[in-house]
Amino acid sequence: MRNYMKLEIPSKSLNEAFARAAVGAFAAQADPTVEELADIKTSVSEAVTNSIIHGYRDTAGVIYIECEARLGKTCVIEITVRDEGVGIPDVERAMEPLFTTAPDEERSGMGFTVMESFMDTLDVTSEKGKGTTVKMSKKINARAIDE
Amino acid sequence: MNCEIEQVGGALVVKLKGEIDQHCAEELRGDIDRQLDIKHSASLIIDLGGVDFMDSSGLGLIMGRYRKMQARGGKILLARPTPAVDKLLELSGINKLVGRERTK
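These protein sequence lines map, in sequence, to chains S and C. Position 5 of the first sequence, counting from 1, maps to 5 under this note's numbering, and the rest follow consecutively. Position 21 of the second sequence, counting from 1, maps to 21 under this note's numbering, and the rest follow consecutively.
Watch out, some of these pointers could steer you wrong.
[Stated by the list, open to error] If the Cβ cut is set under 7 Å, some of the chain S residues that face chain C in the computed set are:
1) Ser13
2) Leu14
3) Glu16
4) Ala38
5) Ser45
6) Glu46
7) Thr74
8) Glu106
9) Arg107
10) Gly111
11) Val114
12) Thr121
13) Val124
14) Thr125
These aren't lab readings, by the way, just hints derived from the structure by calculation. This structure is a prediction, so every number in the text was calculated from the model and none was measured. Yeah, the Cβ is synthetic: ideal placement off N, Cα and C, and Gly gets one too.
Same shape as in the complex, but just chain C (with noise of 0.2 Å):
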């Protein structure tokens, strides 16, 4: 798993790379949750595009990042899911909770 970070505006966008599981999800949790109480990001867009896997490990992540943002009054964005991907947000109901960004 890769995991590029950047404040882009008021916006923490993290682009994932790779697989998501347990095995990486903590290590992603600390690293996102890190940079959002440094940078004190507005909103956070997660871009899924480069994720080749993810199981209801990413599931936990995703949930735990938007209860985060929405206890400070911000926002989370998806981006660019995989049909896999999709398909597992849609049967978690994450997806009528949490915005899709179709910018990019």
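Isolated chain S, as found in the complex (with noise of 0.2 Å):
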């Protein structure tokens, strides 16, 4: 069985609590453990906190959230957050460990690693003045769900 949900939100920094609150729900339909629904959850807030304060840089846009359950024995959440913020210059630069443009905001430049390493997937595009694409999936060993 495959269900879906859209989410829109203004790139406001209060928002970020809600985004995963919301997916963290969602996932829930595929009994997920705590460890991966946490793993879930901090994956999305990476995904929108990075819109609101690199993609947006502070300004007012609004974040696009699409998630997608394959439920079955093995069941897959897939979660894309967008933006049409400025985008990233290097994407491969921006994925590496501890990389930041904000050493002085004290960002630990950890976002996308925590995404990769919480994650089973992530793909990330991005074009400058147009927007930023993250899109990650995570298996979650579910007990089986009648199709």
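Both chains are sitting in their own frames, so use the hints and assemble them into the complex.
As structure tokens, this is what we get:
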């Protein structure tokens, strides 16, 4: 069985908690473990935070979140977080651990590393001036669910 | 996010409760640094026992306090991280830099 949801939120930091809670609630249908759910929520929080502070650089913008659940013996949760912000000039460099454009603001530079480690797949595409799309997925070893 | 700060001997003890993300990290940073500067604490203990959620904004917060304490010759200890928070600390390498308070 497939299921999906779409979410559109303004790029306000207040919405980071809402976004990860909403995706977490959606992912719950795949019966994840506590650790799997925490991994998903943390990764969503990282992607949404990136869009707010880097994509829109604290200006007003919209963040689009789409989730798809493929439910079966092994479930897969796919999450897309997209913004229409400034884009990332060098995605490969941005994904290096500890890379940050704002060391004075105490960013850890671990956002993409967290997503990469906590999810099974991560794909980042970006175009200067057009925005960034982060696609990630995680397998959930759930008990069999009726299709 | 809720934050209780008290001076115990030479240590500033910060008890964090709730969720740490970018939205609340800046306010937390200000609250902790203000007290560190007022109390001139020799060490900083961050009690993470009540933290339900933390992302890399929390790592930035801890690394910043680590650097601050190191610059003034002090030390920082973390206490009672939940398994999810500890997984993040381990991934970041912070566990190799920052000591662990094991008493409570």
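Status of the hints after comparison with the structure:
| no. | hint | result |
| --- | --- | --- |
| 1 | Ser13 | holds (4 Å) |
| 2 | Leu14 | holds (6 Å) |
| 3 | Glu16 | holds (5 Å) |
| 4 | Ala38 | holds (4 Å) |
| 5 | Ser45 | holds (4 Å) |
| 6 | Glu46 | holds (6 Å) |
| 7 | Thr74 | violated (22 Å) |
| 8 | Glu106 | holds (4 Å) |
| 9 | Arg107 | holds (5 Å) |
| 10 | Gly111 | holds (5 Å) |
| 11 | Val114 | holds (5 Å) |
| 12 | Thr121 | violated (18 Å) |
| 13 | Val124 | violated (16 Å) |
| 14 | Thr125 | violated (21 Å) |
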